[in-house]
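Protein chains: 2
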Amino acid sequence: MKLSEYFPVWDQLTEAQQNMLEHSAVYREIPKGTLLHNGELDCLGMILVESGRLRAYIVSEEGKEITIYRLLSRDICLFSASCMMKNIQFEVTVEAETEAAVRIIPPSAFRGVMEESAAMANYMNELMAGRLSDVVWLMEQVMWKSFDSRLAAFLLEESALEESDVLKITQEKIADHLGTAREVVTRMLRYFQGEGAVKLSRGTIEILDRKKLEATAR
Amino acid sequence: MKLSEYFPVWDQLTEAQQNMLEHSAVYREIPKGTLLHNGELDCLGMILVESGRLRAYIVSEEGKEITIYRLLSRDICLFSASCMMKNIQFEVTVEAETEAAVRIIPPSAFRGVMEESAAMANYMNELMAGRLSDVVWLMEQVMWKSFDSRLAAFLLEESALEESDVLKITQEKIADHLGTAREVVTRMLRYFQGEGAVKLSRGTIEILDRKKLEATAR
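Sequences listed follow chains A and B, in order. For the record, in the first sequence the residue sitting at position 5 is 3 according to the numbering used here, with numbers rising by one throughout. For the record, in the second sequence the residue sitting at position 111 is 109 according to the numbering used here, with numbers rising by one throughout.
These are calculated hints, taken from the structure and not from any lab test. On a predicted model such as this, the values are computed, not experimentally measured, just so you know. It is possible that some hints are incorrect.
[To be verified] Short, incomplete list of chain B residues facing chain A, as computed with Cβ under 8 Å:
1. 87
2. 116
3. 134
4. 137
5. 140
6. 155
7. 198
[Said to hold, decoys possible] Straight-line distance between alpha carbons at most 27 Å, and here's what the computed DSS-like set of lysine-lysine pairs gives:
8. B/84 - A/84
9. A/0 - B/84
10. A/143 - B/143
11. A/143 - B/62
12. B/143 - A/62
13. B/62 - B/166
14. A/171 - B/143
15. A/0 - A/62
16. A/166 - A/197
17. B/171 - B/209
18. B/0 - A/84
19. A/84 - A/143
Note that CB positions come from ideal geometry on N, CA and C, so glycine has one too.
Construct all of the structure, not just a fragment, from the sequences and the given hints.
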């Protein structure tokens, strides 16, 4: 995939800037489960996702997790370059949720272009605003939606991402995504099963009644 | 207050850009309680706070509120210019929590400078990153902190803002700030009173034992 496909402002960069980005970008294939970034690792740079899926999440002092967002093909991960962003005061962890292929632009190269190009800096603004909107949306969910609708929405999202009605995901993992305890997930899944919306078996959750889940998610 | 005091990148602007901002900025005094911005009003522009205090908050469909952050003297409100920011998909409301004096730079003038100046665009990035950090912090509070520590932290913050141990704030208002119901606030305040940390009387909350509140907030 060309870099110009990631950056709609590509044509507003000088040839020197385009070359700088092209030549510094490193291609990497990443096994599932790899931690690409967390607060304590080095500042990797901008990650451009070619294929696969990354997950950005935060972790509480007690080790509870909540997923902030997922990154798919054509998405750009800003926070893996948080050393470039003044004022990012939270620690985000980015992991490869599936096997993934990415291109990484090192901080030094990207910083140079951002400092010179108002177009690129404004595009980064747009990206950041998008992430901020995601986090505000998530906070609204957490504060104001009851857990049944969050869980139903999560199962539907997961099914769309995996393109399957049979989800191979543990209840532990779902609890991590939603920032809650496994017991809470188990109880609600059993309730969904009782309603005929899903069928639970060891290690999988099958969606039986999509309409019912959609109604709950709303 | 000079505009250069708000923008650390002031010296990196051209004289034309500086003049553009200076001449377009409008001074306004704002009575307490004024709504400066909400999703449905016009796009006011960048608000630079000279004195007083603004509050940015979101509102749920059922009318519940939660404060995202407060803006004090020297702060810049980005979201009142959300028409300038692509990808801001949430509706934030900004109100004057006290009487306030502000300068407002209209969107057209600000957008022009931001599109030309990489320095300004990068500074806006920093501001946005700061807001994003605030929201993530808040989400962590909401998800992982128990309500007693959130309330204690709120009372201490309020006391610092008002520079007083006697807070003139209703329990209803506190509930709005913290995104909960008044009954929940009342119950916890009574518990704090029982512990000797505060004294409640009609319309005021007096902080008696700051150390105890600090210990709870941690």
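How the hints compare with the structure:
With a cut of 8 Å, the hint placing residue 87 of chain B at the interface with chain A holds, because the nearest CB-to-CB distance is about 4 Å. Interface restraint check: residue 116 of chain B against chain A, minimum CB-CB distance 4 Å, threshold 8 Å, status holds. Given hint, residue 134 of chain B at the interface with chain A, holds; its Cβ is 4 Å from that chain's nearest Cβ, closer than 8 Å. Interface restraint check: residue 137 of chain B against chain A, minimum CB-CB distance 5 Å, threshold 8 Å, status holds.
Checking residue 140 of chain B against chain A: minimum C-beta separation of about 6 Å stays under 8 Å; hint holds. Residue-level restraint check for residue 155 of chain B is violated (minimum Cβ-Cβ distance to chain A is 17 Å; threshold 8 Å). The interface hint given for residue 198 of chain B is violated, since its Cβ lies 26 Å from the closest Cβ of chain A, which is over the 8 Å cut-off. Straight-line distance between C-alpha atoms of residue 84 of chain B and residue 84 of chain A comes to about 21 Å, which keeps the hinted pair within the 27 Å bound.
For the proposed pair residue 0 of chain A and residue 84 of chain B, the alpha carbon gap of about 24 Å is at most 27 Å, so the pair holds. For a cut-off of 27 Å, the pair hint linking residue 143 of chain A to residue 143 of chain B stands: about 18 Å separates their Cα positions. For the hint linking residue 143 of chain A to residue 62 of chain B, the alpha-carbon distance of about 12 Å falls within 27 Å, and the restraint holds. About 12 Å separates the Cα atoms of residue 143 of chain B and residue 62 of chain A, which keeps this hinted pair within 27 Å; it holds.
Distance hint between residue 62 of chain B and residue 166 of chain B is fulfilled; the C-alpha atoms sit about 21 Å from each other, no more than 27 Å. For the suggested pair residue 171 of chain A and residue 143 of chain B, the alpha carbons sit about 21 Å apart, so the restraint of at most 27 Å is met. The straight-line distance between the Cα atoms of residue 0 of chain A and residue 62 of chain A is roughly 37 Å, outside the 27 Å bound, and the hint therefore fails. Annotation: proposed proximity of residue 166 of chain A to residue 197 of chain A holds, straight-line Cα distance about 12 Å (limit 27 Å).
This hinted pair checks out: residue 171 of chain B and residue 209 of chain B have alpha carbons roughly 24 Å apart, not beyond 27 Å. Distance check on the hinted pair: residue 0 of chain B and residue 84 of chain A sit about 24 Å apart at the alpha-carbon level, within 27 Å; holds. Of the pairs offered as hints, the one joining residue 84 of chain A and residue 143 of chain A is violated, with about 33 Å between alpha carbons and a cut-off of 27 Å exceeded.
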